[in-house]
Amino acid sequence: MNMREPIISFKDYTYHYRAQAAPTITDINLEIYKGERIIIVGPSGCGKSTLAHCLNGLNPFSYPGEIKGNLTICGVETAKSGIFELSQYVGTVLQDTDGQFIGMTVLEDIAFSMENECIPQKELIERTKAEAEKVGLLSKLGDAPHALSGGQKQRVSMAGVMVNQVPILLFDEPLANLDPAAGRDAIELIDKLQKDGEKTVIIIEHRLEDAMHMGADRIIMMENGKIISDSTPEELFLSNKLIEAGIREPLYLTALKYADVALSKDMHVERMQTLSLADTHKEQIRKWFAKRQAKEPAPEREEVLRVENIHFGYTPERENLTDISFTIRKGDMVSIVGKNGAGKSTMAKLLCGFETPNKGKLYLRGRDMAEDTIKERAAHIGYVMQNPNQMISKPMIYDEVALSLVMQKLPEEEIKERVHETLKICGLYEFRNWPINALSYGQKKRVTIASILVSKPQILILDEPTAGQDFRHYTEIMEFLKELNEKGYTVLMITHDMHLMLEYTSRSLVFSEGRKIADTTPEKLFANPQLLQQASLKETSLYQLAKDCGLPEEAYIRAFIEYDREVRS
Amino acid sequence: MSATLSYIKKNSPIHKLTGSTKFIFFLVWSLAAMITYDTRVLVGMFLLGVVFFRMSKLTWKDIRFAVLFMVWLIALNLIALFLFSPEQGVGIYGTRTEIVHLFWRYSIIAEEMFYLFNFMMKYLAVIPAALLFILTTDPSEFAASLNKIGVSYKVGYSVAIALRYIPDIQRDFREISQAQQARGIDLSKKDKMVDRLKNSAAILFPLVLSSLDRIEVISNAMELRGFGKNKKRTWIVERPFKKADYVAIGIAVCAMVISMLFIFLNGGRFYNPFV
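From first to last, the protein sequence lines stand for chains L and U.
FYI, in the numbering used here the residues of the first sequence are 1 to 569.
FYI, in the numbering used here the residues of the second sequence are 1 to 275.
Isolated chain U, as found in the complex:
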C-alpha cells in the first residue's frame, strides 16, 4: 500500500549494515554504473543487485509502486531517445544492421536496440542499490551516516528533521484543507484554474504559519539542549563497522574497478559485439 518510500524495519544482513556503509555503497555503485555502457558489467551488477535485494527480505509488494513508477520513467526516456536520434547506435558501434524498416526515418536497427538496452541496464543496475539504501536505512541513522562521510552534522540533522516533519505537515495540510472546505473553499476541479489557485492560498497561508510555529519551537528546544555547541557531536545510534560492512564496501569498490578495467580493455565505454 505504500506509495511513498520509507524505512521498512526487518531483520536481515542488509539491515544490519550501518547507514554509512549503505550510503557509500550506493554512491560507489552508481558511479560504477554511470561510467560504463558495457553490457556484461551492467547485467552482472543488476543480477547482483537482485541478489542483494533478496537478502534484504523486502518483498515485491514493498517496492511495487516505486518500481512501476521508475519503469514508466525509463520507458519514456527510451522512447524519447529513439525518437530524437534513431541512429545513435550506428554512430557508436560503427555498423548498421537494419532488421525492419518502420516509417520515415525510423527503423529497427540492431545497434540502436543494443544501445538502448545498455542504456536501460544502467538504470536497472542502480535501482536495487538505491531502493536498498532508502528502505533499509533507519532514519535515525541517516544523519549520523551523512556526518560520518564528512557532511556537517548540522546539515545532516536539518535533513533528518525535515524528513521527520513531513508526516506532521501532511496531517496539518489535511486538517486545514478540511476546515477550509467547510467554509466553502472549494478545491475540486469544478472551479476555474484561477479560482483554484486563489483558494489554495487559503490553505497555504495557515499551513506556513503553523509550520513557522513548529520551527520556532524545535529550534528553541534544540538550542536549549546544546545543539551547535561544539564542532563535533557523538551519535547514540551510530554503529561500529563490522566485517560485513567492509565486505559490502569492498564489493562496491570491486564493481568500480571491474567497470574501469572493462573500459580499458574495450578501449572505450562501449562493449561492441558487432565486430
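Next comes chain L alone, as it looks inside the complex:
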C-alpha cells in the first residue's frame, strides 16, 4: 500500500454545533497517513475534542451540527456515513476510564462491540481472549470494573476497541485520569499495539511530555478552532510556538533554556531519551547549577494539625489506613501522593469528620477533635471535592457561594459583604450575577473553592485540584491557591500531578497501601526512584538530565524548582 495515501483527510472542514452561535472548528485542512502517530495539543476549548468527535461520528450523529467542506476516512465521506460505519474504521478510547466501562466484567466489556456485530459465541470467546492477552489482562477476565486500577480499566477499553480490528485508534486525553506511572505504561502499550498491528494512532492530550514518551510522527497544535501548527515534534520544540500558545513544554527543554543552551537540530530534542548533549552544553548546565545557591529553609511555624497513630477501615476485615502520623504547620502547602486506593482521600475524610478513626487521635491546634461534628470541623477545615459538579447545588454563583452562610442564618448584610469579599479574592466578582452553567470547568472549580472559603476555614483540603485542566487553567488555579497560601491559609492537596508537586508544594506525604511511607520534600522524592515507584509516580526528565551532566540529582532538581518559581513570579 502506498504510504502517502492519506487515511484521514480534512478539506476546508468547518463544524458548527446547532446549539452554538459560531463554528467550533473552522477551515481544517489536515491529512493523516496510514501508520502515523499524531499528537493533537491545544488549550481547553480549542476544538480538539470537537475534531475527535468529527472523526468518530459523534459529530454530527449524536451532537447535531452543520458541516462545511469535507472529511474522508478510509475513503468514506463521513457526512454521508453513520456512527456505526465509522466505528469500523475509528476505535475511540474515551477520557473517562470509569464511565466508559459497559460490561459487568472485563470479558463482557471486551466482547461488547463484537456482540453487537452478532458474532457467534465461539468466535466471541476466542477473539476476546486473544485481545485480553495482548493487553495483559487474561487473568482478569472475570473481574468487575471496580476491582481494577485506572490503568487496567484503560487497557480493557483499548482491547474493547481493537477487537474489531479497526485501522485507526483515537485516544481522547488518555492520561487525564491516570497516575504518572500508569500513564507511562499506557503510552508504552499504545506504542507496542501500534507497531504490532500497523495502526494509525491519534492522541489528544495536553500533557505533551508524557504523551511524547515513546515519540510521535507529528504534533498538531490547535487554537480557537484552527490548526496553528502541524510539524514534527523536533521542529515544534525548536520553535517558540508552544510557549506562545500557552502549552507546557517538556521540563528538560525548560532546563536547557534556563542554562542558555542554544537548541539545534543535531541535538534530537524531541524526547529525553533521544537528547544528545555536547560536552559544551553539559558544561553550560553545570555552570548554571554552580551559580544557584540553596535557599535557607523557612523557619518552622506553629502546628495547626496533628495526626497521631490513626487506624481506620471501612469494614472490620480490612484496614484502609494503618498507623498514620504527621504534623501540618501553619502556612504549609503539602501534596499528598500515592496510587489510587492508597488511602489519601480516606485520610482527608477522617480529617473532615466524614468518617471516624478506629484508633488514634486528630488534633487541631493541639486540641483533640474527636468530639467535633462535621459542621464544627468545617469551620476550620474546608474540603473541596475533585468534581465541581458534585458540589454545586445552586443555579446562581452568588447563591452557591452564600449557601453555607445562609445555613448559619447570618444577617443578610453580613452575608452579602462576605460573599462579595470572597468573590473578589477568587476573581469571580464580575460574574456574581451569572448562572453557574455559563462558566468553564476551571471557573466552576473556583466557585467551589469560593463556596468553601466564604466560611473562612484556615485549612483547605483539595482533592485533585488540577485534574483535567490545561496549562492555563492549571496555572490559574495554582497561582490562586498560592496566593491564598501566602495570605496564611494552610493548603493540603491530594494529587497525581507531578508538576504541581514540584512547582507548588514544599512537602509531600507519600501513601502506599494504607501506610504513610514518606514525608519529604518533592526534590528528595523525585531523586529517589524506589520511592517514586511505590508512589506510582515516574522519574522526571530533570533527574535524567542531572545524571547525564554528572550533577547531584536532588540538588539540581531543587535548584531548577527554585529558579523556575522566581522566573514565574
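These are computed hints drawn from the structure, not numbers from a lab.
Do not take every clue at face value.
[Stated by the list, open to error] In the DSS-like style, the derived pairs of lysine-lysine whose C-alpha atoms are separated by at most 30 Å in a straight line are:
| hint | chain 1 | residue 1 | chain 2 | residue 2 |
| --- | --- | --- | --- | --- |
| 1 | L | Lys547 | L | Lys282 |
| 2 | U | Lys229 | L | Lys11 |
| 3 | U | Lys198 | L | Lys375 |
| 4 | U | Lys198 | L | Lys349 |
[Stated by the list, open to error] Stretch by stretch, here's where chain U covers chain L in the computed footprint (C-beta under 8 Å, at least three residues):
| hint | segment |
| --- | --- |
| 5 | 391-404 |
| 6 | 518-532 |
Glycine included, every Cβ here is placed at the ideal spot set by N, Cα and C.
With chain L fixed as given, assemble chain U onto it according to the hints.
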C-alpha cells in the same frame, strides 16, 4: 450483613442453570402458586422450594434480612385480611366452626384460619423461587436471559446497566451529602420537615447533574462500539441449555399442570376439608 439482595457466587447445581431457565421457572412457578388455594399443592411447592434452596448452597445468613422483611409484610397482610373480613373463610368453605369468640364481630373460626393459612402458603411457595432467581443469577446473564425470552435487548441492557450503576450512585450520594454537610447543610432530624426537604435538594441537584454526566459518557461509549446497530445481538455470557435446564423447566410446568389438575378435581380453586 447484606441488607440488599444481590448475586452470590457459589458453585451449585442451581447456579449452573442458565439465567433464562431460572427466570422462566420463576414465572411459571409463581403463576402455578397464584391460581390455586389448594393446601396440598401449595405445601408441596413450598417444601420443594426449600429443597431447591438447600441445593443452591445458599445459607440462612444470606437471606435472613430479606426473609424477615417478607415475613413481616405477610403478617401485616394477614392481619389486615382478618380485620376487614373475619368471616371470609365461612363464605368460601360453606361451614362455620367457631373455636372461640374474641370480641365484637371477631372470632377464631377454623374456616377463616384455614383460608388465611392457605393465603400465607401462596407467598411461601413463591418466595424460594424468587430468592433463587435473584441470588443465583449472575447480573451479566440477566440481560441475555431477558433477551432470550423475547424482551428487546435494548431494554434488557438498560435494566442491567441501571442495576450496575446503583452502587456508583450510592457512592456519589454519600460523598455529596458529606461535602454538603460540611457546608452546614443539616439532614438530621433536628431540623423542621420543610427545611429538611429544602436541604435534600442541595444533595439531589448535584447528584442529578453528575448522573447525567455518567449517562452521556456511557451512551456515547455504547454507540461508538456499535450498540443498536442490528436488530439482534449475540451474548458472550449466554450459556446453552443443558439437561438440567430442561428438567428445571419441566418441574415448573409439572407444578403448573398439577395446580390446574387440582382445580379441576376440586371443582374450584379451594380444597375443602370441612365437608
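Against the structure, the hints come out as follows:
Only pairs whose Cα atoms come within 30 Å are accepted, and L:Lys547 paired with L:Lys282 is accepted, the gap being roughly 11 Å. The straight-line distance between the Cα atoms of U:Lys229 and L:Lys11 is roughly 29 Å, inside the 30 Å bound, and the hint therefore holds. In summary, the hint linking U:Lys198 to L:Lys375 is supported, as the alpha carbons are separated by about 18 Å, within the 30 Å threshold. For the hint pairing U:Lys198 with L:Lys349, the CA-to-CA distance comes to about 25 Å; that is within 30 Å, so the pair holds.
For the segment 391-404 of chain L, the stated coverage by chain U holds: 6 residues have a C-beta nearer than 8 Å to a C-beta of that chain, and at least 3 were required. By the rule of at least three residues with a Cβ nearer than 8 Å to a Cβ of chain U, the coverage given for the segment 518-532 of chain L is violated, with 0 such residues.
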